[in-house]
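**Q** Sequence:
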Amino acid sequence: MPRFGTIDKPPTCWDPIHINASVDPTAFMRRRQVLNEQLAADNAINRLKMLLQRVVRPSATRTSFAATRCLPVLQRRGFLPASLSDRRVIDAKYPDRQTTSESEDPGMNGGYINPPRIKRQFRDPYASWWDPQERRNFGEPIHEDNDVLGIFSPYEYTWTKPGPGFVMVGCFIAVFLGVSGLVYLKYPDQPTYPREFEAGLERELGGPGAVRARMEGDEEP
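The sequence shown begins at 1 in the numbering used here and counts up one residue at a time.
It is possible that some hints are incorrect.
Computed spacing ranges between beta-carbons, pair by pair [unchecked claim]:
#1 P81 - H143: 38 to 44 Å
#2 P125 - V169: 28 to 34 Å
#3 V183 - V211: 30 to 36 Å
#4 D131 - F79: 56 to 62 Å
#5 V169 - A199: 56 to 62 Å
#6 D105 - L80: 33 to 39 Å
#7 E104 - S153: 28 to 34 Å
#8 V183 - T160: 28 to 34 Å
Think of the hints as simulated: they come from the structure by calculation, not from any bench. The beta carbon of each residue, even a glycine, is placed where N, CA and C say it ideally should be.
Turn these sequences into a full structure, and let the hints guide you.
**A** Here it is, written out as structure tokens:
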């Protein structure tokens, strides 16, 4: 049987599109075109509905998700944990310094109990120290003035007192000046005499205005 238009298969008795197609091909083609247009319109409507659903669903999801966000945008972007932003947590972790009166804390060092003020220099260098260089044991408390009591602090001389020390320094200065004076008085004079040249070699050294050599009649050196 010949095909007309877009017919892909022969008409059957149960297909309403092909009823009476052999009788009136023009009517069949017209009805076939109308049905195709209706199907195309239905497809377009369905696609539009699906597009709207895809647009509406994410927007609704975003709206519901944004509603659950109670924090401002700036606070969300600069969010800090409670350990860094909660005042109670910070106060519990870093309490304020307790202040005491002068009678309660005579040393004004927060109640720190200082060990005896002994310079490390005077400790036994041959004892069995945990740190032989510092002459200190492990875990031993240090004095608050450890910077002037440590082994690398200025050495303290104890073999003499200030009075005898000044006497010794004065004796040294007196002896040095006395010896210098004697050398100045007894130092022998120059055993030679400077040489004299004829006319001071003025012409040989560059002519008038040049620095000349010693000549006869010049002052004694």
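**Q** For each hint, tell me whether it holds in the structure or not.
**A** Here is how each hint holds up against the structure:
1. P81 - H143: 38 to 44 Å: holds, 40 Å
2. P125 - V169: 28 to 34 Å: holds, 29 Å
3. V183 - V211: 30 to 36 Å: holds, 33 Å
4. D131 - F79: 56 to 62 Å: violated, 47 Å
5. V169 - A199: 56 to 62 Å: holds, 58 Å
6. D105 - L80: 33 to 39 Å: holds, 36 Å
7. E104 - S153: 28 to 34 Å: holds, 31 Å
8. V183 - T160: 28 to 34 Å: 30 Å Cβ-Cβ, so the 28 to 34 Å window holds.
Violated hints amount to a single one, hint 4; each of the other numbered hints is respected by the structure.
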